[in-house]
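Got chain A; can you put chain B with the ligand on it based on the hints?
Just so you know, the protein sequences line up as chains A and B, in that order.
So in the working numbering, spot 242 of the first sequence is number 242, and the numbers just go up one at a time.
One gets the working numbering by counting positions in the second sequence from 1 and adding 1000 to each.
Derived by calculation from the structure, the hints in this document are not laboratory data.
All figures in this text were calculated on a predicted structure; none of them were measured in a lab.
Mixed in with the good hints, there may be bad ones.
[What the hints assert, rightly or not] Lysine-lysine pairs mimicking DSBU-like chemistry, simulated, CA-CA at most 35 Å apart:
no., chain 1, residue 1, chain 2, residue 2
1, A, K34, A, K270
2, A, K114, A, K271
3, B, K1020, A, K171
4, A, K271, A, K34
5, A, K228, B, K1043
6, B, K1219, B, K1304
7, A, K228, B, K1023
8, B, K1020, A, K114
9, B, K1283, B, K1192
10, A, K114, A, K228
11, B, K1023, A, K202
12, A, K281, A, K228
13, B, K1322, B, K1192
14, A, K228, A, K271
15, B, K1023, A, K171
16, B, K1020, A, K228
17, B, K1020, B, K1003
18, B, K1192, B, K1023
19, B, K1023, B, K1003
20, A, K114, B, K1043
21, A, K228, A, K202
22, A, K171, A, K202
23, B, K1304, B, K1192
24, B, K1043, A, K202
25, B, K1304, B, K1287
26, A, K114, B, K1023
27, A, K271, A, K202
28, A, K171, B, K1043
29, B, K1003, B, K1192
30, A, K114, A, K202
31, B, K1322, B, K1219
32, B, K1219, B, K1287
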Amino acid sequence: MTSSGADTNFSNEQMLGFYRDMLRIRRVEEQLGKDSLAGNLPGAVHLYIGQEAVGVGICSQLRDDDWIASNHRGHGHFLAKGGDTRLLVAEVYGRRTGICRGHGGSMHVADFSKGIIGANGIVGAGISITTGAAWAAQLDGNGAVGVAFFGDGAANQGVLCEALNVSTLWKLPVIFVCENNGFSEFSPYSTVTSGSIADRAKPYGAAHETIDGNDLIEVWQCAARAIKRARDGEGPTLIEARTYRHSGHVVGEHTFLSGTYRSEEEVEQKKAGDPIPAFAKRILEAGQASQADLDRIDAEITAEVAEAVAFAEESPYPDPADQGAGYMFA
Amino acid sequence: MAKKRMIQAINETLDSEMAKDPKIVLFGEDVEISLFGDTVGLKDRHGAHRVRNMPISETVMSGMAVGAAAAGYKVVCHMMFGNFMYTGFDSIANQASKLRYMTAGQISLPIVYMSVFGGGRSAAAQHSDAMHPMFMNLGGIKVALPATPADAAGLLRASIHDPNPVVFLQAAGRGGESGDVPDGEVIFELGKASTVHDGDDITMVAIGAMVRPALRAAKQLAEDGIGVDLIDPRTMVPLDTDAILSSVRRTGRLVVVDEARDLCSAASHVAAVCADQCFEALKAPIKRVTVPDVAIPYSPPLEKALLPNEGSISATVRDLLKKPAGAEA
Ligand SMILES: Cc1ncc(C[n+]2csc(CCOP(=O)(O)OP(=O)(O)O)c2C)c(N)n1
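Only chain A is shown next, with the shape it has when bound in the complex (with noise of 0.2 Å):
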């Protein structure tokens, strides 16, 4: 069910939004990854570079009303719905002016006001979570759709299941997005995976595509459907994007794995479906910009990324008497 960019016409300036949105998050992780990896930043941290254009190709098309829920892997979902890179990366290290003021940290950044209801540290929680946010949506009758971000792993727990069929029951205005990045944390996918995961909605009767995740018109296409289809009424759609995650599955995984569980070929082989350098191209042939154009985006990315780290830097640690009840209880 793949179809080519050609019926979709995206003005200059539209395509420069994907192609900035995408960098940004990839200038982001690699900031963080590097920060990860020099000891500065207190936790874990799990890289969404490779997966770009899945989080921009659907979150673009997002209202702030509408719902996302994302996984261990967030901070891309994060800044494609419109998270601020400042309050994310100060987020991260653990300080005051974070998003969630440090008590959240890199697995739980989330923004209600921008209807980010955040990353997850449980894998396949923000299926659940997002079923009922879209619940809510369609008794609000506003035309709200709710997204769940997943990996291949999380489509492996049985909520998927339970929320297929919950949601095309009701007709929810809810989209499954599995982003199958070849890994369930350091097990290939074929080792703990049966048959094909877009696959596991035909039963419920839920709609249903398999897409090139690298391919963010192919996305951005396969997500106005959906889109489309949870705001008329029609219930559910589960999306499986086809990706590849450059990075390990969490930074630094080197120090502690035993042994390797993917070859340096694979990597570079998947490497060459990077979605950022093929939109460039893309964006080149069809003259809709110049090399010095991107170049020019790349710079402000830059620009506004050192800038997130410097406000983090100078941020205080929040100070431990302002946790506790206050945060426990409304």
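Just chain B with the ligand now, with coordinates in the frame of chain A:
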């Protein structure tokens, strides 16, 4: 004041709250026809979109409650039997109880997870647990355990109004019990204990379904001149420690009656708080009347032998009064 069954008190409270606040939704397995009767008729009165039968999918159900609450609804999630909350535990323990804290207070989650709980009905081990201590230990969940129809109405109303997740546990089989319920919209603040029986010789704290046998024991002991100050905390989170401590400071003795298994029971927590905060007032060791650390059996004589009852409660009190602190030293 009118006599009502507990199930009726719960049903009427749900009904009146749903009528007032269109943001309240209720869902769970068979809530339309209602296994226990507590949600019966609600769908007809409040609409199929607000009262929904769920598939048997506790994992997604408890998480949907979180999502719908985050998106602005007041959610009553009926989990049927408390043991099924284990099946849906992830979203209660990892999401509902933590999302507000992890996001530095960005949201509140007004959810009532309700179910029946406890033994006494030959429902056997997988339908009879008293799991309130587990919820107490989560941190971000309030825990309400009504002992009477009036408390059920007052605590449920407060739980629905509360902006936080509340686990509301009705004693299994107590739905049929009747008691006086004040007229109008009765509401009891979560975290306020009630004194069920007055006395000066010993403080007894009884939790949930244990209030009734404790009260019978207190009345019987009163006939023998033993004054029991019987306190029903009504909620274990928040816990009205002031009410308990001030009673223990007066009586110098404490027995805690809890239907949980002894290991890490709610009774253990009450005992710990008193040992910690009013040790100097104690004239005797603190005693817990709990369930032994075994699964709840099916056959009536087996089950009966395990659950605290009037006899085991009063025996504990009598035993304690015979042995004042230091008597054996
Ligand atoms: C319930 C649960 N089980 C296990 C883990 C440990 N864990 C964290 S990430 C992960 C792999 C998830 O793989 P996938 O869903 O494919 O996401 P990806 O890491 O590939 O983005 C595992 C097993 C967890 N966090 N939560």
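Now for the hints, and whether the structure bears them out:
no.: 1; hint: A:K34 <-> A:K270; result: 22 Å, holds
no.: 2; hint: A:K114 <-> A:K271; result: 32 Å, holds
no.: 3; hint: B:K1020 <-> A:K171; result: 27 Å, holds
no.: 4; hint: A:K271 <-> A:K34; result: 19 Å, holds
no.: 5; hint: A:K228 <-> B:K1043; result: 30 Å, holds
no.: 6; hint: B:K1219 <-> B:K1304; result: 21 Å, holds
no.: 7; hint: A:K228 <-> B:K1023; result: 26 Å, holds
no.: 8; hint: B:K1020 <-> A:K114; result: 29 Å, holds
no.: 9; hint: B:K1283 <-> B:K1192; result: 26 Å, holds
no.: 10; hint: A:K114 <-> A:K228; result: 20 Å, holds
no.: 11; hint: B:K1023 <-> A:K202; result: 34 Å, holds
no.: 12; hint: A:K281 <-> A:K228; result: 29 Å, holds
no.: 13; hint: B:K1322 <-> B:K1192; result: 32 Å, holds
no.: 14; hint: A:K228 <-> A:K271; result: 32 Å, holds
no.: 15; hint: B:K1023 <-> A:K171; result: 20 Å, holds
no.: 16; hint: B:K1020 <-> A:K228; result: 34 Å, holds
no.: 17; hint: B:K1020 <-> B:K1003; result: 24 Å, holds
no.: 18; hint: B:K1192 <-> B:K1023; result: 27 Å, holds
no.: 19; hint: B:K1023 <-> B:K1003; result: 30 Å, holds
no.: 20; hint: A:K114 <-> B:K1043; result: 33 Å, holds
no.: 21; hint: A:K228 <-> A:K202; result: 20 Å, holds
no.: 22; hint: A:K171 <-> A:K202; result: 15 Å, holds
no.: 23; hint: B:K1304 <-> B:K1192; result: 31 Å, holds
no.: 24; hint: B:K1043 <-> A:K202; result: 31 Å, holds
no.: 25; hint: B:K1304 <-> B:K1287; result: 20 Å, holds
no.: 26; hint: A:K114 <-> B:K1023; result: 21 Å, holds
no.: 27; hint: A:K271 <-> A:K202; result: 31 Å, holds
no.: 28; hint: A:K171 <-> B:K1043; result: 19 Å, holds
no.: 29; hint: B:K1003 <-> B:K1192; result: 23 Å, holds
no.: 30; hint: A:K114 <-> A:K202; result: 32 Å, holds
no.: 31; hint: B:K1322 <-> B:K1219; result: 19 Å, holds
no.: 32; hint: B:K1219 <-> B:K1287; result: 19 Å, holds
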